[in-house]
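Novice: Put chain B on the given structure of chain A with help from the hints.
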Amino acid sequence: MNRNMVRMVTAIAVFFCLLWIFGLGWAVKNYYAGKPDQVPQKTNVTSKIDNKKGLNVVALGDSLTRGTGDETGKGYVGDLVDEIKEKTKKPVQLTNLGIIGQRSDQLKKQIQQKEVGRQLEKADVILVTIGGNDLFRGGQGLMDFQSKNIAVIEKKYLSNLKFIFEQIRRNNHKANVFFVGLYNPFIELDHGKEMSKVVRRWNYDSAEVSAAFPKIIFVPTFDLFELKVNDYLYSDKFHPNTKGYKLIAERVASLLTW
Amino acid sequence: MNKLIQNEMMKLIAKKRLVVIALIIGVLVILFTYAQYKEIQTQRERLGTDDWRTAVQQNIVDITNRLSSSRISEEWKKQLKISLQQQQYYLDHDINPAEPGASTFMRIFLENAIDMLIPLMVMVIASDLVSSEYSQGTVKLLLTRPVKRWKVLLSKYITLCFAVSLIVAIAGFLSYILSGVVFGYKGFGTPILTGFNISDEALNTANVKLLSLWKFLLMDFGLVWFVAIVVGTLSFMLSVLIRSTAAGMGVMLAALISGAILSNMVSSWESAKYLFMVNLRLTDYMKGTAPPIEGMNLSFSMSVLLVWWAAALLVSFIVFTKRDVY
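Chains as they are written, first to last, in this note's numbering: chain A, 19 to 276; chain B, 0 to 325.
Source of the hints: derived by calculation from the structure; they are not laboratory data. There may be inaccurate statements among the hints.
Derived DSS-like pairs (lysine-lysine); straight-line CA-CA distance at most 27 Å [said to hold, decoys possible]: (1) B:K76 to A:K126; (2) B:K76 to A:K92; (3) A:K246 to A:K211.
Isolated chain A, as found in the complex:
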């Protein structure tokens, strides 16, 4: 055994031993050091948008955007993107920002985030579904459809919607925005007829708000689910199933232009 070799290995070991002890001490000191000397700054500089090849689709909204109830997990957004890919033969980049159970006031908050704004900026097509949770509130809407409550809720919703559209247009003034309207999942239950009336009114007012903005298109879905609603609903009797999402996707696809 070479004596020098032993010496060298020992020397290296001692060096690293000391280095690691130093690192350990530093870690403890750093962990318990009070005020940071270098505070991270919030940046407001939006970085340049990269890869501008192909189409950018940004989807915002609630569980419908997410695709809850679709066995394939795609939802109408996924179906639509598949269709666009097939038609245009271009690469499509999808950013799905849908959050299950989201209401209009939450979307209002989400859309003000810097990064969401950046995503909107580079979008070519923007898809929105919102309002279902405002109106139905997980089925509670069915109980108090007649009360004055609805009017208050709707008023709030419409002002949120207006804000959301303004925000979208501020970030991106040229992309087509497709706003998917509500259907009535309770149409075959008791009071289904009365509920339909509320939904129709809701949709009408939403379409009015959309019409006030350029290139924001209200896409009705009420009629798609009017006959044989149960064929198109998932087992929770609220979200669409695979077939139901296909219907919505087809309707939006027929409106696309490029």
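Specialist: Using the frame of chain A, we list chain B on its own:
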């Protein structure tokens, strides 16, 4: 004393264990590098972009959606919430939480190796340091020399500390050099955030600091080394107590594996936090993830480990000096 240490170092090198350890770590690093590379590729395919901000934003939305599910446990929910807030913080400050490069790979490798891989490698050296002398009968040759017994054991222990330092260094070097082939040898200067405090429900960002990655890495290395020393000492004690190397290794292995399992389910058994094996993930405190049991923090974990370390060392020396050798 110097001669004794030199003698032990010679034995260490002659056994070629360090080479074996380097080979094991090398093979694993290659595997992990490939896995990481594949993951980046699938992510790029799924999102259709290289842009990290899009990836982080998508991740935030995914976590939010998972949180809305009613079927997940409270514990898991809390961890998700913390990670959500952290991701949002990174995004708001325009810092990439995982800047691609060999140095980030090295950081992730260390964070994941601290509670299992590195301790195992240390065990390879520590577990037969004393017991092999018994089984081969060389302990008599060693003890018949005119040196005090505690000096003999101390020389062995110092050698173990050197070996541990070398193992940590080897892990660092190999993970950097091998992964750099794929990810590029860069990223030591990239900023990383540390100092997230976890209070009951939320993430406290008041003391968040911006660090260069190389500083963060040096701290990580220090913590990994500390854990390795503690595990090495425990395993050293077992090698003094139990003459059979295999039995000693088995005990240590069982402890380490039980630690990994326990960390996932001890949240309601509070006194489990005094076991050494649930305190091994020290680097998590630097990164700011929720500890397995509430109330654990860096100083707590380090003190628990220190107590175990001191006890193990004491037992080793007392037993070795008192025991009859025949």
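Novice: If a hint holds in the structure, say so; if it does not, say that too.
Specialist: Hints, verified against the model:
1. The hinted pair formed by B:K76 and A:K126 meets the criterion: a straight-line CA distance of about 24 Å does not exceed 27 Å.
2. Pair hint B:K76 plus A:K92 holds up; C-alpha atoms about 25 Å apart against a cutoff of 27 Å.
3. Pair hint A:K246 plus A:K211 holds up; C-alpha atoms about 14 Å apart against a cutoff of 27 Å.
The structure agrees with every numbered hint stated previously.
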